[in-house]
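Got chain B sorted already, so can you dock chain R onto it with the hints?
The listed protein sequences correspond, in order, to chains B and R. For the record, in the first sequence the residue sitting at position 83 is 83 according to this note's numbering, with numbers rising by one throughout. With positions in the second sequence counted from 1, the corresponding number in this note's numbering is that position plus 112.
Don't take each hint at face value.
Unchecked claim - 20 Å max Cα-Cα, derived EDC-like pairs, lysine to aspartate or glutamate:
#: 1; chain 1: R; residue 1: K218; chain 2: B; residue 2: E59
#: 2; chain 1: R; residue 1: K218; chain 2: B; residue 2: E100
#: 3; chain 1: B; residue 1: K9; chain 2: B; residue 2: D26
#: 4; chain 1: R; residue 1: K218; chain 2: R; residue 2: E151
#: 5; chain 1: R; residue 1: K154; chain 2: R; residue 2: D196
#: 6; chain 1: R; residue 1: K213; chain 2: B; residue 2: E100
#: 7; chain 1: R; residue 1: K213; chain 2: B; residue 2: D56
#: 8; chain 1: R; residue 1: K180; chain 2: B; residue 2: E72
#: 9; chain 1: R; residue 1: K180; chain 2: R; residue 2: D143
#: 10; chain 1: R; residue 1: K213; chain 2: B; residue 2: E97
#: 11; chain 1: B; residue 1: K9; chain 2: R; residue 2: E151
#: 12; chain 1: B; residue 1: K9; chain 2: B; residue 2: D73
#: 13; chain 1: R; residue 1: K180; chain 2: R; residue 2: D167
#: 14; chain 1: R; residue 1: K168; chain 2: R; residue 2: D143
#: 15; chain 1: R; residue 1: K183; chain 2: R; residue 2: D167
#: 16; chain 1: R; residue 1: K213; chain 2: R; residue 2: D143
#: 17; chain 1: R; residue 1: K154; chain 2: B; residue 2: E100
#: 18; chain 1: R; residue 1: K183; chain 2: R; residue 2: D143
#: 19; chain 1: R; residue 1: K154; chain 2: B; residue 2: D26
#: 20; chain 1: R; residue 1: K213; chain 2: B; residue 2: E30
#: 21; chain 1: R; residue 1: K154; chain 2: B; residue 2: D38
#: 22; chain 1: R; residue 1: K213; chain 2: B; residue 2: E72
#: 23; chain 1: R; residue 1: K168; chain 2: B; residue 2: E100
#: 24; chain 1: B; residue 1: K9; chain 2: B; residue 2: D56
#: 25; chain 1: R; residue 1: K218; chain 2: R; residue 2: D196
#: 26; chain 1: B; residue 1: K9; chain 2: B; residue 2: E72
#: 27; chain 1: R; residue 1: K213; chain 2: B; residue 2: E59
#: 28; chain 1: R; residue 1: K218; chain 2: B; residue 2: D38
What the hints assert, rightly or not - Covered stretches of chain R (in silico footprint by chain B; criterion: 3 or more residues with CB under 8 Å from a CB of chain B, positions within the stretch not fixed):
#: 29; stretch: 155-168
#: 30; stretch: 213-224
What the hints assert, rightly or not - Under 8 Å between C-beta atoms, here's a sample of chain B residues computed to sit facing chain R:
#: 31; residue: R98
#: 32; residue: A101
#: 33; residue: F103
#: 34; residue: G104
Just so you know, these hints were derived from the structure itself, not from any lab. Note that CB positions come from ideal geometry on N, CA and C, so glycine has one too.
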Amino acid sequence: NAGVTQTPKFQVLKTGQSMTLQCAQDMNHEYMSWYRQDPGMGLRLIHYSVGAGITDQGEVPNGYNVSRSTTEDFPLRLLSAAPSQTSVYFCASWPPERTEAFFGQGTRLTVV
Amino acid sequence: GESVGLHLPTLSVQEGDNSIINCAYSNSASDYFIWYKQESGKGPQFIIDIRSNMDKRQGQRVTVLLNKTVKHLSLQIAATQPGDSAVYFCAENRGGGSNYKLTFGKGTLLTVNP
Numbered sequence: 001n002a003g004v005t006q007t008p009k010f011q012v013l014k015t016g017q018s019m020t021l022q023c024a025q026d027m028n029h030e031y032m033s034w035y036r037q038d039p040g041m042g043l044r045l046i047h048y049s050v051g052a053g054i055t056d057q058g059e060v061p062n063g064y065n066v067s068r069s070t071t072e073d074f075p076l077r078l079l080s081a082a083p084s085q086t087s088v089y090f091c092a093s094w095p096p097e098r099t100e101a102f103f104g105q106g107t108r109l110t111v112v
Numbered sequence: 113g114e115s116v117g118l119h120l121p122t123l124s125v126q127e128g129d130n131s132i133i134n135c136a137y138s139n140s141a142s143d144y145f146i147w148y149k150q151e152s153g154k155g156p157q158f159i160i161d162i163r164s165n166m167d168k169r170q171g172q173r174v175t176v177l178l179n180k181t182v183k184h185l186s187l188q189i190a191a192t193q194p195g196d197s198a199v200y201f202c203a204e205n206r207g208g209g210s211n212y213k214l215t216f217g218k219g220t221l222l223t224v225n226p
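One chain only, chain B, in its complex shape (with noise of 0.2 Å):
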């Protein structure tokens, strides 16, 4: 089972580049979220989904904007990328009636 899968593993922007951070899960689960995690602090919920066609922000949503077409899909776009946003980028995926969440490889995203 490939589980979440993110990709790209590694990216350098420029700042004021776009892009789009993917997303993909295989388990049929409803729930996703981004998270980030900046050293010495924990993971921060970015934008959440609760199934496909529903996106809500989370803790630090500015900056981000997300979609959810599909129930596998879950792709997260830097409109303007910032120094600010250097981090590493975790995708989640769960179900509905469990807290177990299956993470991704994480992205590591340097704002040059």
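Just chain R now, kept in the frame of chain B:
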């Protein structure tokens, strides 16, 4: 604001000893409290959870204790092994009874010395 926090950022133990990782929380409305383990370069991995109406739950070599009076959560690892070296996060669900919103604390780095 409401948060899930950690008492100690680092913990160093000898192989074979028991480890205790602590976590304080402030949101009394959470239904579940969860522990995750993150190894270097990987995503977090679920360890164990405990429902808010329980005081204790045991898994394989791990025990989670919940003290609602003082809003404190702990993870006990028995006979700690080098493979247990990782960052441990406590988390809570804040979906108003549903599990769609998991909020994580800052994490504790556990180092196991051989």
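How the hints compare with the structure:
{"no.": "1", "hint": "K218/R x E59/B", "in the structure": "holds, 14 Å"}
{"no.": "2", "hint": "K218/R x E100/B", "in the structure": "holds, 18 Å"}
{"no.": "3", "hint": "K9/B x D26/B", "in the structure": "holds, 18 Å"}
{"no.": "4", "hint": "K218/R x E151/R", "in the structure": "holds, 15 Å"}
{"no.": "5", "hint": "K154/R x D196/R", "in the structure": "holds, 14 Å"}
{"no.": "6", "hint": "K213/R x E100/B", "in the structure": "holds, 12 Å"}
{"no.": "7", "hint": "K213/R x D56/B", "in the structure": "holds, 10 Å"}
{"no.": "8", "hint": "K180/R x E72/B", "in the structure": "violated, 37 Å"}
{"no.": "9", "hint": "K180/R x D143/R", "in the structure": "holds, 12 Å"}
{"no.": "10", "hint": "K213/R x E97/B", "in the structure": "holds, 12 Å"}
{"no.": "11", "hint": "K9/B x E151/R", "in the structure": "holds, 16 Å"}
{"no.": "12", "hint": "K9/B x D73/B", "in the structure": "holds, 17 Å"}
{"no.": "13", "hint": "K180/R x D167/R", "in the structure": "holds, 8 Å"}
{"no.": "14", "hint": "K168/R x D143/R", "in the structure": "holds, 14 Å"}
{"no.": "15", "hint": "K183/R x D167/R", "in the structure": "holds, 11 Å"}
{"no.": "16", "hint": "K213/R x D143/R", "in the structure": "holds, 11 Å"}
{"no.": "17", "hint": "K154/R x E100/B", "in the structure": "holds, 16 Å"}
{"no.": "18", "hint": "K183/R x D143/R", "in the structure": "holds, 13 Å"}
{"no.": "19", "hint": "K154/R x D26/B", "in the structure": "holds, 19 Å"}
{"no.": "20", "hint": "K213/R x E30/B", "in the structure": "holds, 12 Å"}
{"no.": "21", "hint": "K154/R x D38/B", "in the structure": "holds, 14 Å"}
{"no.": "22", "hint": "K213/R x E72/B", "in the structure": "holds, 18 Å"}
{"no.": "23", "hint": "K168/R x E100/B", "in the structure": "holds, 18 Å"}
{"no.": "24", "hint": "K9/B x D56/B", "in the structure": "violated, 25 Å"}
{"no.": "25", "hint": "K218/R x D196/R", "in the structure": "holds, 18 Å"}
{"no.": "26", "hint": "K9/B x E72/B", "in the structure": "holds, 19 Å"}
{"no.": "27", "hint": "K213/R x E59/B", "in the structure": "holds, 10 Å"}
{"no.": "28", "hint": "K218/R x D38/B", "in the structure": "holds, 10 Å"}
{"no.": "29", "hint": "155-168", "in the structure": "holds (count 5)"}
{"no.": "30", "hint": "213-224", "in the structure": "holds (count 7)"}
{"no.": "31", "hint": "R98", "in the structure": "holds, 7 Å"}
{"no.": "32", "hint": "A101", "in the structure": "holds, 6 Å"}
{"no.": "33", "hint": "F103", "in the structure": "holds, 3 Å"}
{"no.": "34", "hint": "G104", "in the structure": "holds, 6 Å"}
Hints 8 and 24 from the earlier list are contradicted by this structure; the remaining hints agree with it.
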